[in-house]
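Sequence order for the protein chains is R and Z. So in my numbering the end of the first sequence lands on 354, straight run, no missing numbers. So in my numbering the end of the second sequence lands on 826, straight run, no missing numbers.
Treat the hints loosely; a few may be bogus.
[What the hints assert, rightly or not] Listed below are the simulated BS3-like cross-link pairs for lysine-lysine, each with C-alpha atoms no more than 27 Å apart in a straight line:
no., chain 1, residue 1, chain 2, residue 2
1, Z, Lys162, R, Lys94
2, R, Lys94, Z, Lys196
3, R, Lys94, R, Lys53
4, Z, Lys87, R, Lys162
[Claimed, not checked] Label-pair distances were calculated between CB atoms; the ranges are:
no., chain 1, residue 1, chain 2, residue 2, range
5, R, Glu92, Z, Ala168, 12 to 20 Å
6, R, Thr192, Z, Glu176, 40 to 48 Å
7, Z, Glu176, R, Thr155, 53 to 61 Å
8, Z, Ala168, R, Glu41, 25 to 33 Å
9, R, Glu92, Z, Asp579, 48 to 56 Å
10, Z, Ala218, R, His213, 22 to 30 Å
11, Z, Ala218, R, Ala216, 17 to 25 Å
12, Z, Gly141, R, Glu288, 47 to 55 Å
13, Z, Ala218, R, Glu92, 34 to 42 Å
14, R, Glu92, Z, Ser559, 52 to 60 Å
15, Z, Glu176, R, Glu41, 37 to 45 Å
16, Z, Gly158, R, Glu288, 53 to 61 Å
17, R, Ala216, Z, Lys48, 47 to 55 Å
Please keep in mind that the hints were generated in silico from the structure rather than gathered at the bench. Note that the Cβ used here is the ideal one computed from N, Cα and C, for glycine as well.
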Amino acid sequence: MKGKALALHLTLLPAILLALFAGAACAQGFGGLGSDAPGFETPKPGAPVLFPKDHGAHEAFRTEWWYVTANLKGADGESYGVQWTLFRHALEPKSGAGWDDRNIFMAHAAATSAKEHLFAQALARGGVGQAGVESAPFKAWIDDWRFEASDNGFTKARISAKDARFSYDLTLTRDAPFVLQGEAGFSRKAETGQASHYYSQPFFTVDGTLVLHGRAVKVAGRAWMDREWSSQPLAPDQKGWDWFSLHLSGGEKLMLFRLRGARDYLSGNWIAPDGATRLLAPGDIALEPLSQSAVGGHYIPTRWRVQVKSRSLDIVTAPLNPASWNGGTSAYWEGPISFSGSQNGEGYLEMTGY
Amino acid sequence: MRQTLWTLAALLSHWRRHPANLATLVLGLAIATALWSGVQALNAQARKSYDSAAAVFTGGTAQTLVAARGGLFSQELFVRLRRAGVKVSPALEGVARIGKNDAGEKNVRLIGVEPLTLPRASTLAALSETKEATNILTGAGRSFAAPQTLHDLGLAEGARAKTERGFALPPLVATEDAPPGAVIVDIGVAQKALDKPQRLSRLIVAGDARVEAAQIAAVAGDEMRLVEADEESDLSRLTDSFHLNLTAFGLLAFLVGFFIVNASFGLAFEQRLPMVRTLRALGVSARALVAAIGVELLAFTLVAGGLGVLGGYLIAAALLPDVAASLEGLYGAQLSGRLSLDASWWLSGFAMAGAGALLAAGSGVTKTLRLPVLSVARPIAWREAHQRYLKRQGALAALALLGSAIAYRLADGLVSGFMVIALALLGAALLLPVALAATLRLGESLARGPLSRWFFADGRQEIAGLSLALMALLLALSTNIGVGGMVEGFRQTFLHWLDERLAAEVYYEAATPKDAREIEDWAKGDPRISAVLPIWRARTRISDWPVEIVGMTRHETYSAHFTLLEARPDVWRALFEEDVVLVSEQLARRLKLSLGDALDIPATSDVWRARIVGIFPDYGNPKGQLRFDHAKLAQHFSDASGVHYALRVAPADVASVMEELQRRYGARIARLIDNSGVKKISTEIFERTFTVTTALNTLMLIVSAIALFASLLTLSSLRIAHIAPVWAVGVARKRLAGLELARILLFSAGAATLAIPLGVFVTWGLVAIVNVVAFGWRLPMQVFPAQWAQVFIVALVTALVAAIVPALRLARSAPVDLLKVFANER
Numbered sequence: 001m002k003g004k005a006l007a008l009h010l011t012l013l014p015a016i017l018l019a020l021f022a023g024a025a026c027a028q029g030f031g032g033l034g035s036d037a038p039g040f041e042t043p044k045p046g047a048p049v050l051f052p053k054d055h056g057a058h059e060a061f062r063t064e065w066w067y068v069t070a071n072l073k074g075a076d077g078e079s080y081g082v083q084w085t086l087f088r089h090a091l092e093p094k095s096g097a098g099w100d101d102r103n104i105f106m107a108h109a110a111a112t113s114a115k116e117h118l119f120a121q122a123l124a125r126g127g128v129g130q131a132g133v134e135s136a137p138f139k140a141w142i143d144d145w146r147f148e149a150s151d152n153g154f155t156k157a158r159i160s161a162k163d164a165r166f167s168y169d170l171t172l173t174r175d176a177p178f179v180l181q182g183e184a185g186f187s188r189k190a191e192t193g194q195a196s197h198y199y200s201q202p203f204f205t206v207d208g209t210l211v212l213h214g215r216a217v218k219v220a221g222r223a224w225m226d227r228e229w230s231s232q233p234l235a236p237d238q239k240g241w242d243w244f245s246l247h248l249s250g251g252e253k254l255m256l257f258r259l260r261g262a263r264d265y266l267s268g269n270w271i272a273p274d275g276a277t278r279l280l281a282p283g284d285i286a287l288e289p290l291s292q293s294a295v296g297g298h299y300i301p302t303r304w305r306v307q308v309k310s311r312s313l314d315i316v317t318a319p320l321n322p323a324s325w326n327g328g329t330s331a332y333w334e335g336p337i338s339f340s341g342s343q344n345g346e347g348y349l350e351m352t353g354y
Numbered sequence: 001m002r003q004t005l006w007t008l009a010a011l012l013s014h015w016r017r018h019p020a021n022l023a024t025l026v027l028g029l030a031i032a033t034a035l036w037s038g039v040q041a042l043n044a045q046a047r048k049s050y051d052s053a054a055a056v057f058t059g060g061t062a063q064t065l066v067a068a069r070g071g072l073f074s075q076e077l078f079v080r081l082r083r084a085g086v087k088v089s090p091a092l093e094g095v096a097r098i099g100k101n102d103a104g105e106k107n108v109r110l111i112g113v114e115p116l117t118l119p120r121a122s123t124l125a126a127l128s129e130t131k132e133a134t135n136i137l138t139g140a141g142r143s144f145a146a147p148q149t150l151h152d153l154g155l156a157e158g159a160r161a162k163t164e165r166g167f168a169l170p171p172l173v174a175t176e177d178a179p180p181g182a183v184i185v186d187i188g189v190a191q192k193a194l195d196k197p198q199r200l201s202r203l204i205v206a207g208d209a210r211v212e213a214a215q216i217a218a219v220a221g222d223e224m225r226l227v228e229a230d231e232e233s234d235l236s237r238l239t240d241s242f243h244l245n246l247t248a249f250g251l252l253a254f255l256v257g258f259f260i261v262n263a264s265f266g267l268a269f270e271q272r273l274p275m276v277r278t279l280r281a282l283g284v285s286a287r288a289l290v291a292a293i294g295v296e297l298l299a300f301t302l303v304a305g306g307l308g309v310l311g312g313y314l315i316a317a318a319l320l321p322d323v324a325a326s327l328e329g330l331y332g333a334q335l336s337g338r339l340s341l342d343a344s345w346w347l348s349g350f351a352m353a354g355a356g357a358l359l360a361a362g363s364g365v366t367k368t369l370r371l372p373v374l375s376v377a378r379p380i381a382w383r384e385a386h387q388r389y390l391k392r393q394g395a396l397a398a399l400a401l402l403g404s405a406i407a408y409r410l411a412d413g414l415v416s417g418f419m420v421i422a423l424a425l426l427g428a429a430l431l432l433p434v435a436l437a438a439t440l441r442l443g444e445s446l447a448r449g450p451l452s453r454w455f456f457a458d459g460r461q462e463i464a465g466l467s468l469a470l471m472a473l474l475l476a477l478s479t480n481i482g483v484g485g486m487v488e489g490f491r492q493t494f495l496h497w498l499d500e501r502l503a504a505e506v507y508y509e510a511a512t513p514k515d516a517r518e519i520e521d522w523a524k525g526d527p528r529i530s531a532v533l534p535i536w537r538a539r540t541r542i543s544d545w546p547v548e549i550v551g552m553t554r555h556e557t558y559s560a561h562f563t564l565l566e567a568r569p570d571v572w573r574a575l576f577e578e579d580v581v582l583v584s585e586q587l588a589r590r591l592k593l594s595l596g597d598a599l600d601i602p603a604t605s606d607v608w609r610a611r612i613v614g615i616f617p618d619y620g621n622p623k624g625q626l627r628f629d630h631a632k633l634a635q636h637f638s639d640a641s642g643v644h645y646a647l648r649v650a651p652a653d654v655a656s657v658m659e660e661l662q663r664r665y666g667a668r669i670a671r672l673i674d675n676s677g678v679k680k681i682s683t684e685i686f687e688r689t690f691t692v693t694t695a696l697n698t699l700m701l702i703v704s705a706i707a708l709f710a711s712l713l714t715l716s717s718l719r720i721a722h723i724a725p726v727w728a729v730g731v732a733r734k735r736l737a738g739l740e741l742a743r744i745l746l747f748s749a750g751a752a753t754l755a756i757p758l759g760v761f762v763t764w765g766l767v768a769i770v771n772v773v774a775f776g777w778r779l780p781m782q783v784f785p786a787q788w789a790q791v792f793i794v795a796l797v798t799a800l801v802a803a804i805v806p807a808l809r810l811a812r813s814a815p816v817d818l819l820k821v822f823a824n825e826r
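Whole structure, please, built from the sequences with the hints as guidance.
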């Protein structure tokens, strides 16, 4: 599971309604992801993931997200990170047409450099066209923020977002198949059975333009896309998570997460350059926070030691910008990182519930 | 300091010896302040309500987008703009009728908003404080209304109000943030409740991002119009004239009250001249005297101003329901029923009292200060200056009348319209003492016998002391005649016009256009119904003014009954065969249109050019109106609301047809009413509108009676010096008292006589200048002699009531008091 997606998405329900209406129900877990979901479908092991259908929305489930993070190098020699995320959250299992649609969409866009982290949020109701998702060809949008595939095969896609301070328009090109996380796309989140359907595309190459405060920079690099849908992805005692997506040297990819609850739940996936995956057992993974940064009034562990014993991986991660705080309705840390040790490389880190 | 205090004590002792003088002074100042601040309170309350209605969307600062030609626009434009990156939030406003639990229905402004995109600046964003807010998008949803609105509707929190179309609104939640008379719901609920699927009335621009017109044009072409936050709302523009009318009344009432104060102060200063001379002779400096008078004025301001502001509050509270009802009836404006006034209103009341007191005391103070220390005090010095006084009055009167004439020549606005009337009133009032003096002089020259000669001659002396009170009476009487004439003329014209306009017997509004078609088909087949007349409606904007469009069918109902002010001879043929329209008088005046002119009318998808073949009266409608062929309306305005119909039915069948419509279609008929019902509603609105006018009018008459009473009372002690010699030569006290009474009646009769032509002039000014500018229509000028007779009698009764106490006092005065005049003890 891609924690990051969760994070955002969590924000959604409480975020949207609470932010806008400030009335506060005390939701369980980060963003209410741990609360009961009567009337919604729950993820089932063995349910096949089908393309292009599953690129689209799954209205029987309460919540889902489309998540892209990119590690970029600018023509100016600087490192940058970009995030594009759309969350769908159903307020009720029964939904109608038009304004009776009970889906709320929330999007987060961020651009990070070593000097600053810029974040923007958008909210919309489903049903009228302000925001939505289509599966073939894939298309997700909210206002003028878009994530669109050029064809049904999803070989090329574009992400764009715009705010008063920053904007970006990036082309994503895929040269490997989509990767099913967990057990053939069924990703467990707790020992009590909470789970989500989860697939990724960690092999996107990226080029395009990033504009920060009116200054345009040509950028190129790698992007990682995550798709998850569920109705109750967290156990009630799970308060947040730490999630890593790493581009290893030699074209391998690594996804790791830790859900922090009464007992931490660890999981991960080692992805070969051809997309073949190997699920990592909880005991195989060791995550150790090394130092904290004060961001947005919270103490966040921004340097980590990450180990995968079976693969002899032992690295230390460092953020491009420790202040990568997405201060939306449900705030969390999400930003580009680099790592060194037994391997060198880059990736994204998401931390919620601090 | 001590000197000032002692001087003050000496000055104040006057009031202890003349409590009646004190009472009239305080009362006059209090009443003047009360009438003025009462009217101001009503205006302030109304403005506040308009502002809160407007702030619902903009929070007072945001831009909004509306359809360029008025009315509603497609929701798709909202999506297009959002997807082009323009941060706007959709809203739909409309009127729904909500049934009360007991009887009757009440109009509410139904406001649909979209909570996720609603800018934080909007006053509605404060709904976030409500614990129910999170429920707006789940379950049955929520409706929000002010506690006062819930109370007016007779609904409790949690209740589901039903609209006339049978739609049950989500459960109600009370919140102070909702504007008065409004119910706030989710945009989707509003579209269903108002039967406007996919339609919006407004887009609110999110506060921090300013939008340029070019940006909008790039996405929406010329369909949308950007409204800046400070742009005046249609509502406040439409109601402006109503409030100006109120203000004019308040000012007039203040003027009348001011006359009382002036009279009281004038007399007090005259009476205190000997005291002032003594004080000055004893060494009190002019400075100390000024300080003492200043403190005295301040005390009056505080006491009388306080009473006045309190009275103003009471007047406003008493009149508020009527004002609210007429504003709602005339303009659909909703006023909060609970009077809430801020500090500036209280302060302005005191300021007005202070200014009034200062102005009224001005001449007295100057005279006091200029008094040569060693000159002999002359308590009745004013008599000697009488001749000069009359000359000055005459000159001022001429000046005021000239001003009135100039204002008329220049008249182009409401303010100059009122100037014409006000200056004419002032001129006539100033002229009154001159005219009375001339009459008395004539009487004197014609009189035989010494007593009757004395009667006239002494009367002339009395005029100066009574002139202000008589002027006040004249103003009150002529305003009464003037306004009464206008209101009565309006009532007759309006009722006659209503009879003609409501020629059809049954009117109904279907819940949806689909229901309307079905009902129409049924009605066409019913033998009792001789004609089915669709009166479809649409809206547009011409020269940025809201215009209603109403369709007409070719039928005798219109050709035989529809009143036209001006028309081409073949108007009823042309209307259905050519590209022509009828325009309302308001629209014709505002756009300076006349018969035969071509008019460009923004239609749904194009601009339709039509020629004007007739101008019709449309009394009481703040908006302009266009009427033309029903078929052309359907063709040019595809979004016309095709739900309004009229039926021609034989009078005997009206009840049975209405019953059957009700039974067959139930909730699919949103409104069903016969013509007598419509007439009743219209007449009620009319009557309530003028309740306020009548109330202010009556108050003014009462005030002028008090003015007269006050002047007579204070004069009566001075009059003893004039009467004592006549008594001494053998005229009985009773006779003298009778003569005094006769004189006052003569004066009042004089004032009333002058009030009649003056009142007719006021009627003319209101009908021909003020109404035309304020409302856009002109009533035929009518006069009502029966009203004059009534006013004449009122004048005499007023004078009698005011004069009876002083006269009785004279009749019963002890001979020793009269004898004192000849001793040195006075």
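Hint by hint, here is what the structure shows:
With a CA separation close to 24 Å, the supplied pair lysine 162(Z) and lysine 94(R) stays within the 27 Å bound. Our distance criterion of 27 Å between C-alpha atoms is met by lysine 94(R) and lysine 196(Z), whose separation comes to about 23 Å. Straight-line distance between C-alpha atoms of lysine 94(R) and lysine 53(R) comes to about 21 Å, which keeps the hinted pair within the 27 Å bound. Distance check on the hinted pair: lysine 87(Z) and lysine 162(R) sit about 12 Å apart at the alpha-carbon level, within 27 Å; holds.
In this structure, glutamate 92(R) and alanine 168(Z) meet the distance hint of 12 to 20 Å, their C-beta atoms being roughly 19 Å apart. Taken as a hint, the range 40 to 48 Å holds for the pair threonine 192(R) and glutamate 176(Z), whose Cβ atoms sit roughly 45 Å apart. At about 57 Å, the beta-carbon gap between glutamate 176(Z) and threonine 155(R) stays in the expected band of 53 to 61 Å. Restraint check, alanine 168(Z) to glutamate 41(R): a C-beta distance of roughly 31 Å satisfies the suggested window 25 to 33 Å.
Distance hint for glutamate 92(R) and aspartate 579(Z): a CB-CB separation of about 53 Å, consistent with the stated range 48 to 56 Å. Between alanine 218(Z) and histidine 213(R) the C-beta distance comes to about 24 Å, which sits within the given range of 22 to 30 Å. Between alanine 218(Z) and alanine 216(R) the beta carbons are some 22 Å apart, a value that agrees with the proposed interval 17 to 25 Å. With their beta carbons about 49 Å apart, glycine 141(Z) and glutamate 288(R) fall inside the hinted range of 47 to 55 Å.
Checked against the given bound of 34 to 42 Å, the beta carbons of alanine 218(Z) and glutamate 92(R), roughly 37 Å apart, stay inside it. Between glutamate 92(R) and serine 559(Z) the CB atoms are about 57 Å apart, so this pair conforms to the stated range of 52 to 60 Å. At about 42 Å, the CB distance of glutamate 176(Z) to glutamate 41(R) agrees with the hint of 37 to 45 Å. Roughly 54 Å separates the CB atoms of glycine 158(Z) and glutamate 288(R), a value that falls within the hinted 53 to 61 Å.
The hinted window of 47 to 55 Å between alanine 216(R) and lysine 48(Z) holds, with their beta carbons roughly 50 Å apart.
Of the numbered hints stated above, none is contradicted by the structure.
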